[in-house]
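Undergrad: Residue numbers for the sequence shown follow full-length UniProt numbering, beginning at 1 and rising by one.
Keep in mind the hints are simulated off the structure, nothing from the lab.
Bear in mind the structure is a predicted one, so any value in this text is a computation, not a measurement.
Where is the CB? At the ideal position from N, CA and C, for every residue including glycine.
Just the calculated beta-carbon pair ranges, DEER-fashion:
1. Arg144 x Glu245: 10 to 20 Å
2. Ala203 x Leu13: 18 to 28 Å
3. Gln194 x Ser45: 39 to 49 Å
4. Leu13 x Asp92: 22 to 32 Å
5. Ser195 x Ala162: 20 to 30 Å
6. Pro24 x Gly189: 36 to 46 Å
7. Pro4 x Arg204: 24 to 34 Å
8. Ser86 x Leu208: 31 to 41 Å
9. Asp15 x Gly98: 25 to 35 Å
10. Gly27 x Glu202: 29 to 39 Å
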Amino acid sequence: MTMPLEIVTLPCLSDNYAFLIHNPASGETALVDAPEAGAIRAALSERGWGLDRILLTHHHWDHVDGVAELREAYGAKVIGAAADASRLPPLDMAVEDGGTYPLLGEEVQVMDVSGHTVGHIAFYIPGAEAVFTADSLMALGCGRLFEGTPQQMWASLSQLAALPPQTMVYSGHEYTQANGAFAVTVDPGNPALQSRISDIAEARGNGLPTVPSSLQLELDTNPFLRAADRAIRAHLGMQDAEDAEVFAEIRKRKDNF
Numbered sequence: 001m002t003m004p005l006e007i008v009t010l011p012c013l014s015d016n017y018a019f020l021i022h023n024p025a026s027g028e029t030a031l032v033d034a035p036e037a038g039a040i041r042a043a044l045s046e047r048g049w050g051l052d053r054i055l056l057t058h059h060h061w062d063h064v065d066g067v068a069e070l071r072e073a074y075g076a077k078v079i080g081a082a083a084d085a086s087r088l089p090p091l092d093m094a095v096e097d098g099g100t101y102p103l104l105g106e107e108v109q110v111m112d113v114s115g116h117t118v119g120h121i122a123f124y125i126p127g128a129e130a131v132f133t134a135d136s137l138m139a140l141g142c143g144r145l146f147e148g149t150p151q152q153m154w155a156s157l158s159q160l161a162a163l164p165p166q167t168m169v170y171s172g173h174e175y176t177q178a179n180g181a182f183a184v185t186v187d188p189g190n191p192a193l194q195s196r197i198s199d200i201a202e203a204r205g206n207g208l209p210t211v212p213s214s215l216q217l218e219l220d221t222n223p224f225l226r227a228a229d230r231a232i233r234a235h236l237g238m239q240d241a242e243d244a245e246v247f248a249e250i251r252k253r254k255d256n257f
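Given only the sequences and the hints, what does the whole structure look like? Please build it.
TA: Structure, rendered in structure tokens:
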């Protein structure tokens, strides 16, 4: 049997996450996003790991700021979206939506999840039952639409929602408690959401991360995936609207929350 990949959730900056993916058999390590070099170098040193690959989800500074130092320190190859290459650090490999490539002995699938930015990608590793979504699908939320349209983001979220429900969602920020405070305003009768809010409060009270989360939990509680839900539609007075329109209303309310 092959050894499973080890995935480390690594807090960075004030509320960002980076993720180390390690193959214990080969000793290879990849990183998803590089908010800062210091915390990542410390985590690698603590574990005695090198760094072979850096996967970038989108161009925002708080996801790429550590790339140059990490590339120089470890010789890591940088992988990112061809569609956003002009705004990313220099890429060693430019990947496209629907493309697949090998990483640490597993196949990685590239998904265009534009909305937060245009050219934002997610990395799905079926063999590890893991998807790295950064600021597209987030724990109990989704990224603010800085560049894309509600229709783009809804299409992106719908694509992620179709992955196997046991998939673990590795998103880019510790926003879950604030997202829960909003979610209950549009989905107040959801007992699964109420239970999750309680669990989040306990985890954060103990200094524990709320990322990753299972896709099934997001499907049950995340209002941005639940635009088809009858109770949410009734609460918003949008029983006959298109799903994308309901999503747009939820996003607008979150923006003003």
